[in-house]
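2 protein chains.
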Amino acid sequence: MPSYQSLDAVKNISVVGTGTIGASWATYFLSKGFKVNAWDPSDGWEQRILSFINNAWPQIQNLGFIGEFKETNIILCSSLKEALTGTDFVQESAPEQLKLKQSLFKQIDEYTSKNIIVSSSTSGLIMSDMQGRLENANRFVVGHPFNPPHLIPLVEVLGGKNTDVLAVDWAINFYNKIGKHAIKLKKEVPGHLANRLQAALWREAVLAVQNDLASVEDINAAVAMGPGLRWALMGPHMIMNLTGGAGGYRKMLDHFGPGISGWWETMNENPQLSTVLKKELINGIEEEAKGRSIAQLEEERDEQLVELLIMLKRLKKTGH
Amino acid sequence: MPSYQSLDAVKNISVVGTGTIGASWATYFLSKGFKVNAWDPSDGWEQRILSFINNAWPQIQNLGFIGEFKETNIILCSSLKEALTGTDFVQESAPEQLKLKQSLFKQIDEYTSKNIIVSSSTSGLIMSDMQGRLENANRFVVGHPFNPPHLIPLVEVLGGKNTDVLAVDWAINFYNKIGKHAIKLKKEVPGHLANRLQAALWREAVLAVQNDLASVEDINAAVAMGPGLRWALMGPHMIMNLTGGAGGYRKMLDHFGPGISGWWETMNENPQLSTVLKKELINGIEEEAKGRSIAQLEEERDEQLVELLIMLKRLKKTGH
Chain A
41 MPSYQSLDAV KNISVVGTGT IGASWATYFL SKGFKVNAWD PSDGWEQRIL
91 SFINNAWPQI QNLGFIGEFK ETNIILCSSL KEALTGTDFV QESAPEQLKL
141 KQSLFKQIDE YTSKNIIVSS STSGLIMSDM QGRLENANRF VVGHPFNPPH
191 LIPLVEVLGG KNTDVLAVDW AINFYNKIGK HAIKLKKEVP GHLANRLQAA
241 LWREAVLAVQ NDLASVEDIN AAVAMGPGLR WALMGPHMIM NLTGGAGGYR
291 KMLDHFGPGI SGWWETMNEN PQLSTVLKKE LINGIEEEAK GRSIAQLEEE
341 RDEQLVELLI MLKRLKKTGH
Chain B
41 MPSYQSLDAV KNISVVGTGT IGASWATYFL SKGFKVNAWD PSDGWEQRIL
91 SFINNAWPQI QNLGFIGEFK ETNIILCSSL KEALTGTDFV QESAPEQLKL
141 KQSLFKQIDE YTSKNIIVSS STSGLIMSDM QGRLENANRF VVGHPFNPPH
191 LIPLVEVLGG KNTDVLAVDW AINFYNKIGK HAIKLKKEVP GHLANRLQAA
241 LWREAVLAVQ NDLASVEDIN AAVAMGPGLR WALMGPHMIM NLTGGAGGYR
291 KMLDHFGPGI SGWWETMNEN PQLSTVLKKE LINGIEEEAK GRSIAQLEEE
341 RDEQLVELLI MLKRLKKTGH
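Residue numbers (the numbering used here), protein chains in the order written: chain A, 41 to 360; chain B, 41 to 360.
Isolated chain A, as found in the complex:
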């Protein structure tokens, strides 16, 4: 049975790949007091990650973490090997290409101690495919965050066929210890869990446009002014549990289950993302945006997200 780095001994974290997800992870780890060794093969990444951290830092400060960003806490490494030397935990956020990840994993396996957990941010790939027959495949896990990782608490954790269950537990404990909300997935499926749930909702929202049920803006409001307000507080099963009144989930399942099952029968169409449909979706969003740029909309979202997280923290819902 392999034994892994003690949770309390983790001081240095390697952030491999510093696109949007990697840079956001680096920001989060730094805000929690870790030293970060970052590396990315692209041109100009050093400037981009520092710029990302400087922009995101005030959001995290609003959430109640203390201190200013100290640039000396992050080392911008000139090679993967340098970034992995002496590390206590690796968060890999490279592009979603299987061959690239396989080759990267091989190097990571070589350059790190065998007792170090390596966690991949992959959203679309399967760990069993990525880890293959690495010598120490046991310590490779998926730790899939939700964008932006420095704000959203969720991390989905699972292993591949050759991953040790203790490595999965280690990662869950580590993420929870540093203020994330880690959940354990028991099976490898495309999209993991949260993105599948999101894709299910999005499919019905795309079908509503395809079938001309309502405008794109009204479909958005059908979520954000309605059930979406509750989904920020409780998951879909708990919401349905409360739909049953005093009779709880059993009452809901008996009373509404048959009716909703009937709707499901009418909800098995897969939209074809044709040129025409795409144009309708894009036009609808442009109408709703009323001239606001993507950057402005992102700023609105993140400002509101920070306020929401502060509120939930106050109500004792998150460990943030």
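These aren't lab readings, by the way, just hints derived from the structure by calculation. Check the hints yourself; a few may be wrong.
Given that identical chains are not distinguished, each listed pair holds provided it fits within a single copy or across any two copies.
Straight-line alpha carbon distances no greater than 30 Å define the calculated BS3-like cross-link-like pairs of lysine-lysine that follow [what the hints assert, rightly or not]:
#1 K224 - K319
#2 K72 - K110
#3 K319 - K291
#4 K291 - K318
#5 K217 - K330
#6 K227 - K330
#7 K330 - K226
Since chain A is already given, all that's left is putting chain B on it; use the hints.
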């Protein structure tokens, strides 16, 4: 072309049917300064609606509406006819039985002026079936709220085959005027729109239990700690628009569309709500609830919902 009651002239609202939804509507209308004439055929409804209003009133006061609840603003009527006499708007929230609604609509049509809009809270029935060939079918609309209506802004508005489009517009304008967020549905489909979107997400959440992807509690967290946080702020199309980075919805559709379409192919199973599956769902919720009663969970939800609405109001998102 029929002409309807002027929006500014609406002073008296009839609330027909005072179960959870009707009582919550009554509370909302009263908080907005309307006189309410309520009626329900069940035993003891007078006590129940007053108790509901007294419980819900402090929540609405927290949202920034002014004044104490004045019992003289609601008349508990002893007959449907009395509740409809001199009314300016009817909100019907009777049980979801087609024959019952058809018979009720006939009486409402008879007892009210022809220029008064009648709005049904129905979640599961189709207006064309309910209105049939009523003499003044033109003024009957669906105004479907989301539970609890005194807190959640969304109202879905649509007409049946014999509804006047101006009556639909009237209802949308009226709901928006009094602080709700009304959306216009262009077609009659089972479950309207928001409940279908909710059912799509719930289906995938039920399948995740059936397929043993994760525990019920972890599936709930996969929403409430992840994408659910964003759905309280923006609808599914706007979220996807921001997933594309600076390239917006077009970039997202081109880049992620094919992958997600592939997941959709694996998401066409309809769960069978068998005894075994129901038991798993119920057990999972009981584990997560850790002894909290339905009433306690509802109280938590509503407390958090009020805080969330206050926050969104502050950020200028809702008219509440």
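How the hints compare with the structure:
1. In this assembly of identical chains, K224 and K319 lie within 30 Å of each other by CA distance solely across copies; the values are 21 Å between and 38 Å within a copy.
2. For the homomeric pair K72 and K110, the shortest alpha-carbon distance inside one copy (12 Å) is at most 30 Å, but the shortest distance between copies (52 Å) is not.
3. Only between protomers do K319 and K291 lie at most 30 Å apart by alpha-carbon distance; the minimum there is 12 Å, versus 43 Å within a single protomer.
4. In the homo-oligomer, the alpha carbons of K291 and K318 lie at most 30 Å apart only across protomers (11 Å), although the nearest pairing inside one protomer, at 41 Å, exceeds that limit.
5. In this assembly of identical chains, the alpha carbons of K217 and K330 lie at most 30 Å apart only when taken from different copies (22 Å versus 42 Å within one copy).
6. Only between protomers do K227 and K330 lie at most 30 Å apart by alpha-carbon distance; the minimum there is 26 Å, versus 43 Å within a single protomer.
7. Taking the shortest Cα distances, K330 and K226 sit within 30 Å of each other only across copies (22 Å), while inside one copy they are farther apart (43 Å).
In terms of the numbered hints stated before, the structure departs from none.
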